[in-house]
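Residues per chain, in single letters:
2 protein chains.
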Amino acid sequence: MELWYTENYTDTVKFSIKVKEQLYTKTSQFQQIDVFDTYEFGKLLTIDGLVMITEKDEFIYHDMITHVPMATNPNIKSVLVIGGGDGGTVRELTRYKTIEKIDMVEIDKVVVDASREHFQITACKLDDERVSLYFEDGIKFVEGKENIYDLIIVDSTDPIGPGEGLFTTEFYRNCYKALTEEGILVNQNESPYYEADAKEMIRASKKIKNIFPIAEVYQAHIPTYPSGHWLFGFASKKLHPVKDLDAQKWNDLGLKTKYYNTDLHVGAFALPNYVKEMIETGAF
Amino acid sequence: MELWYTENYTDTVKFSIKVKEQLYTKTSQFQQIDVFDTYEFGKLLTIDGLVMITEKDEFIYHDMITHVPMATNPNIKSVLVIGGGDGGTVRELTRYKTIEKIDMVEIDKVVVDASREHFQITACKLDDERVSLYFEDGIKFVEGKENIYDLIIVDSTDPIGPGEGLFTTEFYRNCYKALTEEGILVNQNESPYYEADAKEMIRASKKIKNIFPIAEVYQAHIPTYPSGHWLFGFASKKLHPVKDLDAQKWNDLGLKTKYYNTDLHVGAFALPNYVKEMIETGAF
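Listed in order, the protein sequences are those of chains A and B.
The opening residue of the first sequence carries number 1 in UniProt numbering; numbering runs sequentially from there.
The opening residue of the second sequence carries number 1 in UniProt numbering; numbering runs sequentially from there.
Okay, chain A solo, but in the shape it has when bound (with noise of 0.2 Å):
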């Protein structure tokens, strides 16, 4: 017998990856949550069938998510994550001394119990005494909070389902309130190169654009989503991720990451010109 693992990129592309044995599987609330242990990428986290992470390559992901506006602005103390229930942000985050706390606000409790039974490799730091678990959701969370987190970063699904509310214009304006006046907000933005992920993306590169004075995109290459070619949005109040960039600052700090540095940190905002093409005139 093989098992395989198929994820739909579109209605004519998949990606498949064969399967030692599902280790988990449990239908929350929310969604469909399964574990499987794979034979390239070690354990794969799905959520309704969509990759979320994988021992092999979720440290790309959660470089880039956390090391951009970390080393943007060295100062942050106060952090709240939105989602991020394999808790490899949470961990990442902690791995700065400066900061003092951060609130992580992940609506599923059943993402959370599957990573903390299966991926100790990224859920290893939420008993850190500075992060704070809520399990709500993280649209109510913000609504009404004022100049309390120096950056927001949403480490969601796709905006189908429980993610969906997390790429509205609302959503976003409630996120400026809750910053500080140096305030930064980090997104999971998607691919630009299949239709229905590059539409999302610029639907949501526009609403921030319209909210923060600094709107920009920036890239990595991460093997086991679609396309391999994934944005996150970087919004800001004040500081721009490439002209504010203190590289020495950040390399002084000594941490060591896999994807991550400074160089690559200046190269994932130079974007290639159909993506910028696409954020500027908001069609694919």
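Don't read these hints as lab results, they were simulated from the structure.
Where is the CB? At the ideal position from N, CA and C, for every residue including glycine.
Keep in mind that a hint or two might mislead.
[Stated by the list, open to error] Chain A side only, calculated, beta carbon under 10 Å to chain B, not exhaustive:
| no. | residue |
| --- | --- |
| 1 | THR12 |
| 2 | VAL35 |
| 3 | THR38 |
| 4 | ASP57 |
| 5 | PHE59 |
| 6 | TYR194 |
| 7 | ILE222 |
| 8 | HIS229 |
| 9 | LYS258 |
| 10 | ASP263 |
| 11 | ALA268 |
[Unchecked claim] Here are the simulated BS3-like pairs of lysine-lysine, each with C-alpha atoms no more than 30 Å apart in a straight line:
| no. | chain 1 | residue 1 | chain 2 | residue 2 |
| --- | --- | --- | --- | --- |
| 12 | A | LYS209 | A | LYS101 |
| 13 | A | LYS18 | B | LYS56 |
| 14 | A | LYS14 | B | LYS26 |
| 15 | B | LYS97 | A | LYS276 |
| 16 | B | LYS20 | A | LYS199 |
[Unchecked claim] Using C-beta positions, here's what the derived DEER-type ranges look like:
| no. | chain 1 | residue 1 | chain 2 | residue 2 | range |
| --- | --- | --- | --- | --- | --- |
| 17 | B | LYS249 | A | LYS26 | 55 to 63 Å |
| 18 | B | VAL242 | A | LYS177 | 36 to 44 Å |
| 19 | B | GLN29 | A | ASN8 | 33 to 41 Å |
| 20 | A | LEU3 | B | GLU21 | 51 to 59 Å |
| 21 | A | LEU3 | B | PRO213 | 45 to 53 Å |
| 22 | A | LYS276 | B | ASP246 | 17 to 25 Å |
Once you have looked at the hints, place chain B on chain A.
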């Protein structure tokens, strides 16, 4: 009936593309050449069951294999292309009025014939008057040549079958000799992500480093190649691809490109730590 083209990235990872119809198949003296019409990627050219180019994203590969060396040295006049039977590399080169002579050496005439018939998008400039086509073995072609080419582009298949000899020390040494004083060698250099590909990349990089004083690796997002994270080798006698880039000069040419721009040129050389480490230590 459903027709799917499937490429095995490893024994346990597959990428599948739904096909409208097969347009062409021929087994030449060297390899099997197929052309498919697909829903997502338009036409698809494969050699021995591996994606060479698709209509949807060939521009990424061809932009990165030509404009990076051309922007580094805008005085390039004489170019040798080895492989590249689809014509896309030659198409991009012919956009430079300053190039006087392009020799293209493709071992397999069948690839050119198939491309002329089905890939006018890439083959459209093969009859440019500056282009000389040689259906010969590129390895033998460079033997004994001295101080002739300002740029050699190795636009090869993977290092199995007829492409194998294009990844040897002897071949790189002959390229060095065939190059002029400021000569540049660019080669497609596999992916860093899957073990077999990465090991080829490491081997090739090491050999090139032993011969050329400047040897760098750069990357691009090519969604239809394994992992989507693709590398190119840049080797040079004198010019450094980042330090010697005159971005203004290239931008003054006014060439429209869908992927390449001079910021991205610099960013492409900012490799992730795990890739840098692989190249430095020689270990996957």
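Consistency of the hints with the structure:
1. THR12: With a closest approach of 4 Å, the THR12 (chain A) hint holds.
2. VAL35: violated (17 Å)
3. THR38: Constraint on THR38 (chain A) satisfied, holds at 7 Å.
4. ASP57: With a closest approach of 8 Å, the ASP57 (chain A) hint holds.
5. PHE59: Holds: closest Cβ of chain B sits about 8 Å from PHE59 (chain A), inside 10 Å.
6. TYR194: holds (8 Å)
7. ILE222: holds (8 Å)
8. HIS229: holds (4 Å)
9. LYS258: Status holds, d = 5 Å.
10. ASP263: Because about 4 Å separates ASP263 (chain A) from the closest Cβ in chain B, which is inside the 10 Å limit, the hint holds.
11. ALA268: Since chain B brings a Cβ to about 7 Å from ALA268 (chain A), closer than 10 Å, the hint holds.
12. A:LYS209 - A:LYS101: Cα-Cα ~28 Å, so holds.
13. A:LYS18 - B:LYS56: holds (28 Å)
14. A:LYS14 - B:LYS26: Roughly 26 Å separates the two Cα atoms, so the pair holds.
15. B:LYS97 - A:LYS276: Given pair LYS97 (chain B), LYS276 (chain A) holds - Cα atoms ~27 Å apart, limit 30 Å.
16. B:LYS20 - A:LYS199: holds (25 Å)
17. B:LYS249 - A:LYS26: 55 to 63 Å: holds (59 Å)
18. B:VAL242 - A:LYS177: 36 to 44 Å: holds (41 Å)
19. B:GLN29 - A:ASN8: 33 to 41 Å: Distance hint for GLN29 (chain B), ASN8 (chain A) holds at roughly 39 Å.
20. A:LEU3 - B:GLU21: 51 to 59 Å: Distance hint for LEU3 (chain A), GLU21 (chain B) is violated at roughly 31 Å.
21. A:LEU3 - B:PRO213: 45 to 53 Å: 51 Å Cβ-Cβ, so the 45 to 53 Å window holds.
22. A:LYS276 - B:ASP246: 17 to 25 Å: holds (22 Å)
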